[in-house]
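With the hints as your guide, set chain B onto chain A.
Protein sequences appear in the order of chains A and B. For the first sequence, our numbering assigns the number 25 to the initial residue and increments by one for each residue that follows. For the second sequence, our numbering assigns the number 68 to the initial residue and increments by one for each residue that follows.
Worth flagging that the hints you see were computed from the coordinates, not collected in a lab. These numbers were taken from a predicted model, which means no experiment stands behind them. Every residue gets a Cβ at the ideal spot worked out from N, C-alpha and C, and that includes glycine. Please note that a few of the clues may not be correct.
Straight-line Cα separation of at most 27 Å, BS3-like style, residue types lysine-lysine; simulated pairs [unchecked claim]: (1) Lys202(B) <-> Lys37(A); (2) Lys141(B) <-> Lys70(B); (3) Lys141(B) <-> Lys173(B); (4) Lys193(B) <-> Lys173(B); (5) Lys37(A) <-> Lys173(B); (6) Lys26(A) <-> Lys93(B); (7) Lys141(B) <-> Lys37(A); (8) Lys193(B) <-> Lys233(B); (9) Lys117(A) <-> Lys233(B); (10) Lys26(A) <-> Lys37(A); (11) Lys117(A) <-> Lys93(B); (12) Lys193(B) <-> Lys141(B); (13) Lys202(B) <-> Lys93(B); (14) Lys170(A) <-> Lys246(A); (15) Lys70(B) <-> Lys275(B); (16) Lys26(A) <-> Lys117(A); (17) Lys141(B) <-> Lys26(A); (18) Lys93(B) <-> Lys141(B); (19) Lys202(B) <-> Lys186(B); (20) Lys186(B) <-> Lys173(B); (21) Lys93(B) <-> Lys275(B); (22) Lys186(B) <-> Lys141(B); (23) Lys26(A) <-> Lys193(B); (24) Lys37(A) <-> Lys193(B); (25) Lys26(A) <-> Lys275(B); (26) Lys233(B) <-> Lys186(B).
Chain A is nowhere near these chain B residues, computed Cβ spacing over 12 Å in every case [unchecked claim]: (27) Lys70; (28) Phe89; (29) Leu137; (30) Glu182; (31) Ile196; (32) Asn279; (33) Val282; (34) Glu303; (35) Gly310; (36) Leu355.
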Amino acid sequence: MKNIWLICRKDLKSYYTTWIAYSLFTRVALVFGFFFYVAAAIFATRSMQASMMGGGMPMDVNEWVIRPLLMNVAVISLFLIPMIGMRLFAEEKNSGTIELLLTSPVRDLEIVLGKWLGGLLFYCCLLGIAALNLGFLFFYGQPDWKPVVLGFLGLVLQGGALLAVCTFLSSLTRNQIIAADAGFTICLLLWVLDWVSAYETAAWAKVMSYLSLSTHFEQFAKGVLDSRDLVYYFSMIFLWLFLTTRSVESLRWRS
Amino acid sequence: MIKVEGLTKRYGRVTAVDNISFSVEKGQIVGFLGPNGAGKTTTMRVLTCFLPPTAGSVSVAGFDVLEQPLEVKKRVGYLPESPPLYPEMRVSAYLTFVARLKGVPKREVARRVNEACEKCAVANVKDRIIGQLSKGYRQRVGLAQAVIHNPDVLILDEPTTGLDPKQIIETRQLIRNLAGEHTVIMSTHILPAVEQTCQQVIVIDNGKVVANDSVQNLTQRERGVEAVSVEVASREGALDHAGVQRRLEQVPGVSRVQLMESGDGLCRLEVEGLAGRLIRDDVARAVLDAGWRLHELRPVSLSLEQMFLELTAATEEAATEAAAK
Numbered sequence: 025m026k027n028i029w030l031i032c033r034k035d036l037k038s039y040y041t042t043w044i045a046y047s048l049f050t051r052v053a054l055v056f057g058f059f060f061y062v063a064a065a066i067f068a069t070r071s072m073q074a075s076m077m078g079g080g081m082p083m084d085v086n087e088w089v090i091r092p093l094l095m096n097v098a099v100i101s102l103f104l105i106p107m108i109g110m111r112l113f114a115e116e117k118n119s120g121t122i123e124l125l126l127t128s129p130v131r132d133l134e135i136v137l138g139k140w141l142g143g144l145l146f147y148c149c150l151l152g153i154a155a156l157n158l159g160f161l162f163f164y165g166q167p168d169w170k171p172v173v174l175g176f177l178g179l180v181l182q183g184g185a186l187l188a189v190c191t192f193l194s195s196l197t198r199n200q201i202i203a204a205d206a207g208f209t210i211c212l213l214l215w216v217l218d219w220v221s222a223y224e225t226a227a228w229a230k231v232m233s234y235l236s237l238s239t240h241f242e243q244f245a246k247g248v249l250d251s252r253d254l255v256y257y258f259s260m261i262f263l264w265l266f267l268t269t270r271s272v273e274s275l276r277w278r279s
Numbered sequence: 068m069i070k071v072e073g074l075t076k077r078y079g080r081v082t083a084v085d086n087i088s089f090s091v092e093k094g095q096i097v098g099f100l101g102p103n104g105a106g107k108t109t110t111m112r113v114l115t116c117f118l119p120p121t122a123g124s125v126s127v128a129g130f131d132v133l134e135q136p137l138e139v140k141k142r143v144g145y146l147p148e149s150p151p152l153y154p155e156m157r158v159s160a161y162l163t164f165v166a167r168l169k170g171v172p173k174r175e176v177a178r179r180v181n182e183a184c185e186k187c188a189v190a191n192v193k194d195r196i197i198g199q200l201s202k203g204y205r206q207r208v209g210l211a212q213a214v215i216h217n218p219d220v221l222i223l224d225e226p227t228t229g230l231d232p233k234q235i236i237e238t239r240q241l242i243r244n245l246a247g248e249h250t251v252i253m254s255t256h257i258l259p260a261v262e263q264t265c266q267q268v269i270v271i272d273n274g275k276v277v278a279n280d281s282v283q284n285l286t287q288r289e290r291g292v293e294a295v296s297v298e299v300a301s302r303e304g305a306l307d308h309a310g311v312q313r314r315l316e317q318v319p320g321v322s323r324v325q326l327m328e329s330g331d332g333l334c335r336l337e338v339e340g341l342a343g344r345l346i347r348d349d350v351a352r353a354v355l356d357a358g359w360r361l362h363e364l365r366p367v368s369l370s371l372e373q374m375f376l377e378l379t380a381a382t383e384e385a386a387t388e389a390a391a392k
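Chain A with its partners taken away, still in its complex shape (with noise of 0.2 Å):
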């Protein structure tokens, strides 16, 4: 447990200490926070010509701003996680620093819960400066919190379940490019897969959408709690996980 927090903090920090952090930062402010104005235009435009037309129900700023920001950051995420995937082994294995980490008296198993669990923190600051411009929705209005907080839930563990791929993949290369260019194609495709439930119905695009990321996804966007979707983001992460440390173990007799 000592040793994955340690390992977690160190990958923490070297986020910060190389600048990724903050170009990343800087992407997530800009970006969401021009989707952020956008949409909060749109609705402010909107709900004044409803109310000029005099047109009954006020309209409801969780399904209007919330929900489509919300799908917003998750798509975002698809780019973001990959980025911070890409090193968590890929830079160990170049450098030749995994030789200290497994020749260290720690179990190969918590060095990678130590690395995710590091990635995960830095991407959930991420989250908290995307959750800032919601803060404005509160400040200014009474928008319903629930759906919001579970929203991030949802988005703390989609992020969780891409990233256990992407440390996954790092894992197998030496390079950070390979390792974000194949992480991202997984990302991608994961969040598309439910397409095909458009046209089909066999139990072949039932399977597919099931393990679309974007399925489980949109029940937290709107604010539902299913335990499917908890088991479906808790099994990727135990799954990619798992792989991952064989795929650690395997560098004792690979390289």
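Relative to chain A, chain B alone:
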């Protein structure tokens, strides 16, 4: 402290280490010697539990590397060929991280980091970022990393490569200071380093141990005969080199005279005596009687360098013979 029996390591079809055995006593400094690709690094990686052996048994500090790797790792400090440093970290933060990783209790960490910095002469760069340090400092931070948890066994893979001569001497001194409380295995292909630092030498070539002995024994083993190097100069004018050689060959007890260097009015020869004969005084007298100047006369012992070349050449010959068959 270290016991290796029948260790074999194969990478696919390539056999990097072929059935080697040796043992090292506590507190010794052992030089691990061999040409590039001989299997030194592989053997060290097995000792540090980085690689599992294909066959054979290896135990360090009484623990088997396959059965109880965590116990072995706690007792081993390892400096790989390229020091495993995080360039973005500061020296003190890095050493603190390694100390914690190696299981140093929290309240002792600060003291151990200071000690290691003092021992390895990196105290003055403690607050610098590793990536900005010179090669010599990085190597020493690597060494500090290896000794930080006060391990029983230190395994150093080419600890002096890339250092300047002054740093090499300092590092050797440092390693000598570490011996006693630690058992040290260092690999190198720089022979003077071994002659000056190590007590025991294991020569490995093509994945096999070709010699395992003390430095003294190894350098003397090849000869039971006295050999001297003689530098002769003429009193005036040119010197007849062939004449000098003929004259020395006539000295009683001399078996062989070889002209090593010849210059204007000057030459150096290596004179070898018959087994059990002291030839030094007779050689000197012969030179003086002939009217030449005796510039230098010193005994030659087979240097580790020659010994190394002879040993590794022998295995190469054996290999080519085996291939021919």
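Tested hints:
Note on Lys202(B) and Lys37(A): the hinted pairing holds, with a Cα-Cα distance of about 24 Å set against a maximum of 27 Å. Straight-line distance between C-alpha atoms of Lys141(B) and Lys70(B) comes to about 17 Å, which keeps the hinted pair within the 27 Å bound. Straight-line distance between C-alpha atoms of Lys141(B) and Lys173(B) comes to about 16 Å, which keeps the hinted pair within the 27 Å bound. Proximity of Lys193(B) to Lys173(B) is assessed by CA-CA distance (about 19 Å); at most 27 Å being required, the pair is judged to hold.
For the suggested pair Lys37(A) and Lys173(B), the alpha carbons sit about 19 Å apart, so the restraint of at most 27 Å is met. A threshold of 27 Å between alpha carbons decides the hint, and for Lys26(A) with Lys93(B) the separation of about 32 Å lies outside it, so the pair is violated. A C-alpha spacing of about 25 Å is found between Lys141(B) and Lys37(A), which places the hinted pair at or below 27 Å, so the restraint holds. The straight-line distance between the Cα atoms of Lys193(B) and Lys233(B) is roughly 21 Å, inside the 27 Å bound, and the hint therefore holds.
Using a Cα cut-off of 27 Å, the hinted pair Lys117(A) and Lys233(B) is violated, with the two alpha carbons roughly 32 Å apart. Distance check on the hinted pair: Lys26(A) and Lys37(A) sit about 17 Å apart at the alpha-carbon level, within 27 Å; holds. Our distance criterion of 27 Å between C-alpha atoms is broken by Lys117(A) and Lys93(B), whose separation comes to about 33 Å. Note on Lys193(B) and Lys141(B): the hinted pairing holds, with a Cα-Cα distance of about 24 Å set against a maximum of 27 Å.
About 31 Å separates the Cα atoms of Lys202(B) and Lys93(B), which puts this hinted pair outside 27 Å; it is violated. For a cut-off of 27 Å, the pair hint linking Lys170(A) to Lys246(A) stands: about 10 Å separates their Cα positions. For the proposed pair Lys70(B) and Lys275(B), the alpha carbon gap of about 16 Å is at most 27 Å, so the pair holds. Of the supplied pair hints, the one linking Lys26(A) and Lys117(A) holds, its CA atoms being roughly 23 Å apart against a limit of 27 Å.
For the hint linking Lys141(B) to Lys26(A), the alpha-carbon distance of about 15 Å falls within 27 Å, and the restraint holds. At roughly 17 Å between alpha-carbon atoms, Lys93(B) and Lys141(B) fall within 27 Å of each other, so this suggested pair holds. For the proposed pair Lys202(B) and Lys186(B), the alpha carbon gap of about 18 Å is at most 27 Å, so the pair holds. Taken as a hint, the Lys186(B) and Lys173(B) pair is honoured in the structure, with Cα atoms around 20 Å apart against an allowance of 27 Å.
Taken as a hint, the Lys93(B) and Lys275(B) pair is honoured in the structure, with Cα atoms around 23 Å apart against an allowance of 27 Å. Restraint check for Lys186(B) and Lys141(B): satisfied, since their Cα atoms lie roughly 20 Å apart, inside the 27 Å limit. About 25 Å separates the Cα atoms of Lys26(A) and Lys193(B), which keeps this hinted pair within 27 Å; it holds. Proposed proximity of Lys37(A) and Lys193(B) is supported: the alpha carbons are some 18 Å apart, at most 27 Å.
A C-alpha spacing of about 41 Å is found between Lys26(A) and Lys275(B), which places the hinted pair above 27 Å, so the restraint is violated. Annotation: proposed proximity of Lys233(B) to Lys186(B) holds, straight-line Cα distance about 17 Å (limit 27 Å). The non-interface label for Lys70(B) is consistent with chain A: the shortest C-beta to C-beta separation is roughly 19 Å, beyond 12 Å. Listed as outside the interface, Phe89(B) is consistent with that label: its C-beta sits roughly 20 Å from the nearest C-beta of chain A, beyond the 12 Å cut-off.
Not every C-beta of chain A lies more than 12 Å from that of Leu137(B), the closest at about 5 Å, which undercuts listing it as non-interface. No Cβ of chain A comes within 12 Å of the Cβ of Glu182(B); the nearest lies about 19 Å off, and the non-interface call holds. Interface exclusion of Ile196(B) from chain A breaks down, the closest Cβ pair being 8 Å apart, not more than 12 Å. The claim that Asn279(B) lies off the interface holds: its Cβ sits roughly 25 Å from the closest Cβ of chain A, which is beyond the 12 Å cut-off.
With a least CB separation of 28 Å from chain A, Val282(B) remains clear of the 12 Å interface cut-off, as annotated. For Glu303(B), the requirement that its beta carbon stay farther than 12 Å from each beta carbon of chain A is met, with the minimum near 63 Å. At roughly 60 Å, the least C-beta separation between Gly310(B) and chain A is larger than 12 Å, which holds for a residue marked as non-interface. Against the 12 Å criterion, Leu355(B) stays outside the reach of chain A, whose nearest CB is about 61 Å from its own CB.
Consistency note: the structure conflicts with the earlier hints numbered 6, 9, 11, 13, 25, 29 and 31.
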